[in-house]
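Enquirer: Quick note, the sequences are listed as chains R and Z, same order.
Each residue of the first sequence is one higher than the one before, starting from 293 at the first, in the working numbering.
Each residue of the second sequence is one higher than the one before, starting from 293 at the first, in the working numbering.
What the hints contain is simulated information worked out from the structure, not anything from laboratory work.
In this text the structure is predicted, and so the values were computed from the model without any measurement.
C-beta atoms are modelled at their ideal positions from N, C-alpha and C, and glycine is treated no differently.
There's no promise every hint is true.
To be verified - No more than 30 Å apart at the CA atoms, straight line, and that leaves these computed lysine-lysine pairs for DSSO-like:
hint: 1; chain 1: R; residue 1: K386; chain 2: Z; residue 2: K345
hint: 2; chain 1: R; residue 1: K310; chain 2: Z; residue 2: K405
hint: 3; chain 1: R; residue 1: K405; chain 2: Z; residue 2: K306
hint: 4; chain 1: Z; residue 1: K344; chain 2: Z; residue 2: K420
hint: 5; chain 1: R; residue 1: K306; chain 2: Z; residue 2: K437
hint: 6; chain 1: R; residue 1: K345; chain 2: Z; residue 2: K405
hint: 7; chain 1: R; residue 1: K345; chain 2: Z; residue 2: K367
hint: 8; chain 1: R; residue 1: K420; chain 2: Z; residue 2: K437
hint: 9; chain 1: Z; residue 1: K405; chain 2: R; residue 2: K386
hint: 10; chain 1: R; residue 1: K310; chain 2: Z; residue 2: K386
hint: 11; chain 1: R; residue 1: K345; chain 2: Z; residue 2: K344
hint: 12; chain 1: Z; residue 1: K345; chain 2: R; residue 2: K306
hint: 13; chain 1: Z; residue 1: K344; chain 2: R; residue 2: K405
hint: 14; chain 1: Z; residue 1: K420; chain 2: R; residue 2: K437
hint: 15; chain 1: Z; residue 1: K386; chain 2: R; residue 2: K306
hint: 16; chain 1: R; residue 1: K386; chain 2: Z; residue 2: K310
hint: 17; chain 1: R; residue 1: K310; chain 2: Z; residue 2: K367
hint: 18; chain 1: R; residue 1: K386; chain 2: Z; residue 2: K386
hint: 19; chain 1: R; residue 1: K426; chain 2: Z; residue 2: K437
hint: 20; chain 1: R; residue 1: K296; chain 2: Z; residue 2: K405
hint: 21; chain 1: Z; residue 1: K306; chain 2: R; residue 2: K420
hint: 22; chain 1: R; residue 1: K420; chain 2: Z; residue 2: K420
hint: 23; chain 1: Z; residue 1: K344; chain 2: R; residue 2: K437
hint: 24; chain 1: Z; residue 1: K367; chain 2: R; residue 2: K344
hint: 25; chain 1: R; residue 1: K367; chain 2: Z; residue 2: K344
hint: 26; chain 1: Z; residue 1: K426; chain 2: R; residue 2: K345
hint: 27; chain 1: R; residue 1: K367; chain 2: Z; residue 2: K367
hint: 28; chain 1: R; residue 1: K306; chain 2: Z; residue 2: K420
Unchecked claim - So the derived list for chain R, only partly shown, Cβ under 7 Å to chain Z, looks like this:
hint: 29; residue: L307
hint: 30; residue: N311
hint: 31; residue: V342
hint: 32; residue: I343
hint: 33; residue: Y346
hint: 34; residue: M407
hint: 35; residue: T433
Stated by the list, open to error - Computed far set for chain R versus chain Z, every beta-carbon distance over 10 Å:
hint: 36; residue: R303
hint: 37; residue: R317
hint: 38; residue: L323
hint: 39; residue: T326
hint: 40; residue: D351
Chain by chain, the residues run as shown.
2 protein chains.
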Amino acid sequence: MADKITEIDLRILKLLSKNARLTYRELAEMLGTTRQRVSRRMDRLERNGVIKKYTVIPDYEALGYVHVILGITVKPNVNLDEVIPALVEDDNVKIVQRALGSHNLVVHIVGPKDMRELERIISEVSRKIPGVDKLDITFITDTVKFEVL
Amino acid sequence: MADKITEIDLRILKLLSKNARLTYRELAEMLGTTRQRVSRRMDRLERNGVIKKYTVIPDYEALGYVHVILGITVKPNVNLDEVIPALVEDDNVKIVQRALGSHNLVVHIVGPKDMRELERIISEVSRKIPGVDKLDITFITDTVKFEVL
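With the rest of the complex left out, here is chain R (with noise of 0.2 Å):
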């Protein structure tokens, strides 16, 4: 994580974050520079971790599913570090992330549209969860933008 992050890392990652799946010689043509020195900071941002996945945006409603966001408020003695694994495991479990202000923990879950499966599957991680102080479910119904830089 000590690399440096120079100008030519940025725009690569701009342009990956509108197209992951540009090949090294389209990024190269893009940003005139050779597909040797693309392809060799792209894989110092992999192993750096400045990329962490490429990843594909689907639409969750086409494919018959149901994306619930938990917001999550935890009481100020609940150590995260001991909650988390068990989430992580959790295959209905997509997204695991800290945070802080409103919410401690942002859980995001991809389940059946039967409400009655859902809500199974909701309470499922809510219990593995001690000392919850709020929780607030919101359920996406569109997505209007996703960009990501």
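Here the structure of chain R is known, so what remains is to put chain Z in place on it, guided by the hints.
Expert: Same frame as chain R, but now just chain Z:
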């Protein structure tokens, strides 16, 4: 959107969600099928909007950015269709999602670490939303798990 999602579509999506840079050839090998078939199915998933985007998940911290989520509840008389365009246009706003439940609107901001500047951006974005009943501000400090499917 009327096209049926097949078993092979789901398998392609799962693989791409773990690594969106897999080539047609690699996907075909992993799935025991042809490059042509993979390419045809992906074209279709893109055209149908089942695949919204191929993107990169960066470490905002390493890039010197702060990732803030606004969970917004608006008063019942607010028409979100009138609010959303101004949010979508704003370059500081990366994600805009309509929602049901604790929040009606989920807005992600990626801003600078400088807290004064960040405050200015957050209030600028908030002012674009009339009739806010509740605003939950959450600062993401660490993404422990990020999966899509």
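Enquirer: Checked against the structure, which of the hints given earlier come out wrong?
Expert: 7, 17, 22, 24, 25, 26, 29, 34 and 40
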